[in-house]
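Protein chains: 2
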Amino acid sequence: MNKVYVVGIGPGAGKQMTAEAQEILALCDTIVGYTVYVDLVKEQFSDKLFLTTPMKREVERCRMALEEAKTGKDVAMICSGDAGVYGMAGLMYETGVDFPEVEIEIVPGITAAMGGAAVLGAPLIHDFAVISLSDLLTPWEKIEKRLKAAAMADFVICLYNPSSRKRHDYLKRACEYMLEYKREDTVCGIVRNIGREGETSEILTLKELKDTQVDMFTTVFVGNDETKELNGRMVTPRGYRNV
Amino acid sequence: MNKVYVVGIGPGAGKQMTAEAQEILALCDTIVGYTVYVDLVKEQFSDKLFLTTPMKREVERCRMALEEAKTGKDVAMICSGDAGVYGMAGLMYETGVDFPEVEIEIVPGITAAMGGAAVLGAPLIHDFAVISLSDLLTPWEKIEKRLKAAAMADFVICLYNPSSRKRHDYLKRACEYMLEYKREDTVCGIVRNIGREGETSEILTLKELKDTQVDMFTTVFVGNDETKELNGRMVTPRGYRNV
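In order, the protein sequence lines correspond to chains A and C.
Per the numbering used here: the first sequence = residues 26 to 268.
Per the numbering used here: the second sequence = residues 26 to 268.
Certain hints may be false.
Simulated DEER-style distance windows between Cβ atoms [claimed, not checked]: (1) Lys-197(C) / Ser-71(A): 48 to 56 Å; (2) Leu-229(C) / Lys-232(A): 29 to 37 Å; (3) Glu-169(C) / Glu-166(A): 19 to 27 Å; (4) Lys-253(C) / Asn-27(A): 18 to 26 Å.
Residues from chain A that keep clear of chain C, each with C-beta distances beyond 10 Å, as calculated [what the hints assert, rightly or not]: (5) Gln-41; (6) Leu-76; (7) Arg-208; (8) Lys-232; (9) Phe-242.
Dumping the calculated DSS-like pairs for lysine-lysine here, alpha-carbon to alpha-carbon at most 27 Å [said to hold, decoys possible]: (10) Lys-170(A) / Lys-191(C); (11) Lys-253(A) / Lys-173(C); (12) Lys-197(C) / Lys-232(C).
Quick caveat, the hints were computed from the structure, so don't treat them as lab data.
For each residue, glycine too, the CB sits at the ideal point set by N, CA and C.
Let the hints inform the model, and build the full structure from the sequences given.
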């Protein structure tokens, strides 16, 4: 059966790709993706046919992959991080309804929450919530509700898409909601360019985070009530009766 | 400087390990871990010294790794899934305070939430919460609060440690809490033995999940209000104004 693999290539491709993802990219005829991600794998898999679409052309990109598979090719659609976390896996299944002859398989990857956590230390050790601050496809009221609920129940919170040119004050607003339930000195961390050139990280308090400007290449971590800074690392204990 | 790497080997080791994790296991002198995980990598890295401790001896395991690094060895402590999600990364930093001469580095891996999601389809595409039902280190009231908050704010919810011999009714109780806010026909999924021999999965409603008996090798996914079943896959759309 013709097949499209939706492959998470990890935060920066390369070393953080799984052996399975590498195997599948190696065996495929065609690699489809957003231009920036295709550039990350082009050198390593130079014998492939590459098909790209610019940002925000996701449906077109899925159809392109499915059409290509229909002609008998093995196709990999690549996504940054994990294909199943704010990635293309869902849209591929939705678009795939029109292509019953094409099988779809998801190949997991390291998402920014895991990759960024490893850079900061161990912030996600206990229950956590992942929330995107992008209101492109989600009403802001829904995002606000989730931020408050997660803060109220003392989750560690990981924020994706914390900022963009049009949404420069979203992180500040998110911090204000969380400050209704979390302490001002809650330990937080930010990581920029996870797994790529120019990777940087910083540990700061929730109060400081509120007035920090971040960009769209940044992932934000907000600790729970027990999260601490330990020798420059952000560390969440495993539980309350911690040894 | 002497170094301990805390390495997530993915849900079933092998193909879901990253290239970075494989590189580090290859270069280390000693691999430390819980017996079951060590058995997963023993064959591939047969020239290493292996040190193991049984379950629930986590502090001892960390000290063992740090002591070994102190003697000048490069040491990898391996964890199933991701070292930073209910893994040993946090405890290693906490134990490492007594070993200032040993550097600690975390190497991320595919956690069960990502690995299981890929098996089911695309359940985690939008905001999600990860909650462990184990009350070994967390009071049940805290777990209850988190389940209700996550359900109330319409997160997709991924449950780790949904059951054990002593906690056979925990998943049922968790479903009852979530049913206060989520519909009975909310699309859910369970995956057993992710990435290992005997991997199985099932899609069912939240009402059915409530009366389903699962074991400790199972990861549970509870959809949000928009999650649907599509050709036998569990799929969450990207947002409310979905295309």
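Hint check:
no.: 1; hint: Lys-197(C) / Ser-71(A): 48 to 56 Å; verdict: holds, 54 Å
no.: 2; hint: Leu-229(C) / Lys-232(A): 29 to 37 Å; verdict: violated, 44 Å
no.: 3; hint: Glu-169(C) / Glu-166(A): 19 to 27 Å; verdict: holds, 26 Å
no.: 4; hint: Lys-253(C) / Asn-27(A): 18 to 26 Å; verdict: holds, 24 Å
no.: 5; hint: Gln-41; verdict: violated, 5 Å
no.: 6; hint: Leu-76; verdict: holds, 20 Å
no.: 7; hint: Arg-208; verdict: holds, 17 Å
no.: 8; hint: Lys-232; verdict: holds, 23 Å
no.: 9; hint: Phe-242; verdict: holds, 18 Å
no.: 10; hint: Lys-170(A) / Lys-191(C); verdict: violated, 35 Å
no.: 11; hint: Lys-253(A) / Lys-173(C); verdict: holds, 26 Å
no.: 12; hint: Lys-197(C) / Lys-232(C); verdict: holds, 10 Å
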